[in-house]
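Undergrad: As a plain string of letters, each chain reads:
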Amino acid sequence: MSWSLLFFLLVGAVSLAAALGVVTSRQPVHSALFLLTNFATLAVLYITLDAQFLAAAQVIVYAGGIVILILFVIMLIGGDTNDFSAAQRAWSRTVGMALGIILLLVISYSALSRMMAPSEDTAALLQGGTPEAVGIELFTKYILPFELVALLLLVALIGALVLGRQQEGASEGIPSVKANE
Amino acid sequence: MLELAWLILVFPALGALVNLFVGDRLGERGIHVVASGMVVLSFVVSLGLFFGLAGLDEHHRTATVHLWDWITVGSFHAPAALLIDPLSVTMALVVTGVGALIHIYAGGYMHGEQNFQRFFVYLNFFILAMLVLILSNNFVGMFVGWEGVGLASYLLIGFYFDRHDESYGHYADAGKKAFLVNRIGDFGMLLAVFLIWTSVGSVVFEEVHHGAGALTAGAATAICLLLLLAATGKSAQLPLFVWLPDAMAGPTPVSALIHAATMVTAGIYMVARTHFLWELAPVAGGLAAWVGGLTALMAATIALTQVDLKKILAYSTISQLGYMMLGVGVGAYAFAIFHLVTHAFFKALLFLAAGNVMHGLPGGELDIRKMGNLRAKMPTTFWLFLIGASALAGLPIFSGFFSKDGILLHVANFNIPLYLIGLFTALLTAIYSFRAVFMAFLGEARDQHVHDHAHESPAVMTRPLWVLAFLAVVGGALNLPVLLTMEHYLEAAVGAPAFHPNVTMEFVLLAVSAVVAVAGVGLAYGRYVKGPSTGVGRISGGVARLVSPLELVARNKWYVDEFYAAWIVGPLLGLSVWFNQVVDQGVVDRAVNLVGQVSLSLGGNLRKMHNGLVPTYALSLFCGVVALLLWFVIGG
Amino acid sequence: MDTALLFDNAVVLLPELVLAVGVMVLMMVDIGRRGQNGSQLLAGLSVAILLLGIGASVMIWGRAPVEYLDGAISDGFALSVRLVILIAGVLGVLLSRNWFPAIERQGGAFYSLHLLAVIGMMLMGTATNLIVLFIALEIFSLALYILSGFYRENARSIEAAMKYFLLGAFASTFFVYGCALLYGAGGSSKFTQIHETLATGGGNPSLVLPGIALLLVGFGFKVSLVPFHMWTPDVYQGAPTPVTAFMSVGTKAAAFAGFFRLMMTALPSFHDQWAMPLAILAVLTMTVGNLTALRQSSVKRMLAYSGIAHAGNILIALVAGTAAASSAAAFYLFAYAFMNIGAFTVTIALERQYGNENDVEQSRLAGAAERFPVLAAAMAIFMLSLSGIPPLAGFFGKFLVFKAAVEAGWAWLVVIGVLNSAVSAYYYLRIVVAMYFQQPEQAGDEKEQPFVPASRSSVFVVVVSVLAVVVIGLQPGLWADLLRGLGQ
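First to last, the sequence lines map onto chains A, B and C. In terms of the working numbering, the first sequence has 286 at position 147, counting the first letter as 1, and numbering is strictly consecutive. In terms of the working numbering, the second sequence has 197 at position 216, counting the first letter as 1, and numbering is strictly consecutive. In terms of the working numbering, the third sequence has 615 at position 53, counting the first letter as 1, and numbering is strictly consecutive.
In short, the hints are calculated from the structure, not lab data. All clues given are correct.
Computed from the model, here is a short list of chain A residues facing chain B with C-beta under 7 Å: (1) Gly235; (2) Leu238; (3) Ile241; (4) Leu242; (5) Val245; (6) Ser249.
Please read all numbers here as calculations on a predicted model, not as lab measurements. Each residue gets a CB set at the ideal place from its N, CA and C atoms; glycine is no exception.
Starting from the given sequences, assemble the full structure and let the hints guide the process.
TA: Next comes the structure, spelled out in structure tokens:
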């Protein structure tokens, strides 16, 4: 067993454990921290695949941005517990878990059983992970999607604006819900 | 002249539009004049077409009037074009001729009704749709008319939508029933059109006719079976006849025009129009004959037990349509169309006469048990009804005698059991039609109140009937035995029959039919006038006992409605309830209610809503994911 | 790379570009506007921009199809779908005008999101690349999530948005997973490239089928196929009715366009494998949609289930998978746009009569024909068209789809489809029956309510839709010629 494989298994195991932690821990803060761990280990895995740019993006955007945002929200609304779906949802949790396991098995079966080795030159493929290579690809071959993402961000921006704007009227913050609802 | 054929469609369309938009300014009289006038004009055009065709060479009496290219998609082409041939012209003459008389009559009948304007708009629209049906030169155009007449019939059956009684239930439901049952027939029609297109490559009648030789027997049979389904829906045959009796909830002129004389014969027309397909599918033809024969018999037995005058006529219509179906089934297309024409005359006459009875009795009474001796109060109507009933019963000289006998003649050649069924039905027909005459117009007045208030109808409601009565008497002359004028005329459109009876057989069967009809009238006379104790009465009593086991079944309309309710409508509604309660209310509504309670504190209360339903939906989605994936990976 | 490449063939995306520039202008105008009346101006501006978009589409109509930057194409199919979406967009904007107070305050945001949603939908029809496809999907989905929650005074609207967003995100994850698997299978994100690689025996064919399955989930969610349909009635009912009207047509057109192009250009060689599962989904969708619609009391919910059933009908065209079938689907969507938006417009007008409830119960329609003869007549036409009565537009949509399927050898599927449309007549007809053949229960107080005149723009929408439904029905050939399928 090579060192790189051992390293992969180790980091992968941490990553999986952290992911499990996200969904099983009862404290939202714990979940967020597990998520952070998960993102970090993924970044490490990206580096082992020579995807340096992706790893950096992972750390900056996900670990640095998104998880921090999540932590802010949890602190603001007071995350005592996330145990919304206790007893009465037990069956759906079981069913969901069972389905998830089936999904995993089926996909790994179909992906692994008849997977062929990549025919292309692996060395050339590995070059794809550097910031320079990503940049060139992004601004030549994938320029159209890149531009379109700008539109997507615009939608998100306007959406955030709409959602974040306080309602007008006397009852700031409390929506004037009709009594019949 | 033939190029002007499009005018025949323009007039009723114009009538409907004028009455729709400016009808409220025209007043009753104006509306009536416009609506009837337009149909009369259409009738004039039809006459023009008839003479135009007559001027053509006998064997090429067919013309196509191209209006515009309607649909062209890839190789699929359906023009908006009219096919003018003896068959369509005959139908157009009946529709516009009988239609015009009924329009005129309806002016008196509907006098003072709240929705007078709406009624005539619908009626003109019906004429338009019916003409589209019979004049289109392709299946798609015919289907448009087919649906159009269905829509018109639905609107007119539900005309008295606010009424409700024990005979029809909610009147609006009767319309809905008619529409939905017809949709089952339409389903057959649409599939047949697809099948014709894929197997022949055209939907134009002429091209299909020429290309039909390429059809395999299996394809032809499948097409014809689907067409038969369509015909059983529109022409109220087994097993889809249940809507027609309920359709009598509409105003009587509608019953006369749509549900007796014209629309219901569309199925027969369609089979005659596609005769070239049926000749390739003897199995389907045989099935059509049996469907027709059994429908005729069954409806006749039911008609014997009904007490509502209009329902008697409704079942008799089903029964007569059965004869026509029997006729087309055995390949006697010309005779079926002949019977269609004479039936249009005498059945319209009977319905309108029944309308006069209804109009003249207090409360629109239709129960023949409460009538009796109406002859004294409404002599004109009595004579009119008597003429109609004689034609229906097939008494010699009257038109129904010749047309019905023509069909039976061909049936006798085709299959003896079917002939006997037809003959027995003819006996029943004579009995029930004269039962109605005797119980309503002769004998003692059974309900003095009804009798005292009875009165004759105004002239506008009797004069058009004399025209129909005249036609009902002499209509047989259109196709007298041996001369066979009409049969030869229709040959250009429906082909010559394969079977030519010899004259001896023809007259023997004519005599048999005549005897049967007279015997039927005699039996009815014995039972309903003389009473059971007399000699004739005893014979008819014996016959009655003979068929008494049938009577209970027949009185309950052979339980067909109940069968449908239990086996088709029930399960379907059950399934719908299940979907609604389990999927929608069980999961969704309960969740929505939960959210409703929560939403007062909606501000930051996302989590409870989350608890409410999204997981359930997500779970359903997830199940779909896994199922699909399993299918693809394991199945593929 | 040469910068000229960016501009070569950029005309392919001309309508999208026009709209994108329009969004910018709209936002500038919004910043500059003063007072409350500005939102009328914004509505007018949006309509103008959308009409310009239609003009741009017409301008590039009939050109030889070229691909732009390996990610977008403007062939006849893309243009047909664009036309449907732009029409839905125009009608949707016209309906939104004056509809709810939030528009007065946040008109700029509302109309820009509306236009952005239109851009995203149009891109779905043009995308020839998995990445572009996914981004397009997200653009319009995100915009619609927010639009459906725009009626913030109404709890149901917020609930609908939340539900739509969560489930949409859930479905999107499967979609993107499917994209990844397909990329892994074909070694490219380009549809045609994937097809070539797989057809010549390269790539990883074992990844294709799971990839299709997961992509199906994403599309199935958007067009609301059973069992991915659960959100539809809630969202349709909760969202502001003008948004529902636009969404019901636009989403369906966009997602089906992407779906058709993906399946027919990237995966035609796997037709044998995916046709049967899709056929079964179509049967399920039609049957569940129609049967559940039978029991709905709310008009909007009924229309939602009817929309599900219609999605099943269109799916039949995809199962057939021929060029003729795709043009039939384009025709179907074109006809559906008018009849469905028309039905929703009448619903909006009736909502106003019954006091702005963002929904109408069917029982309240009783006797509507007496009180609002014109609205009732229009509604009757839309219902008849939706149920497929000839010669209205809806009939020919169904007719062409079924015809194409029969030609492709899917007769049994067509039999089920035709049976289903017979069932559907029941609930469409019930609306007509209620309006024409029933008396209002409490006639007294219904009559006392004053008649609220419908806004001019919604009257316009109704008139246009009625005319379209009738004209398309009388001259279907013209439109069927105009609307092209894939590879035509």
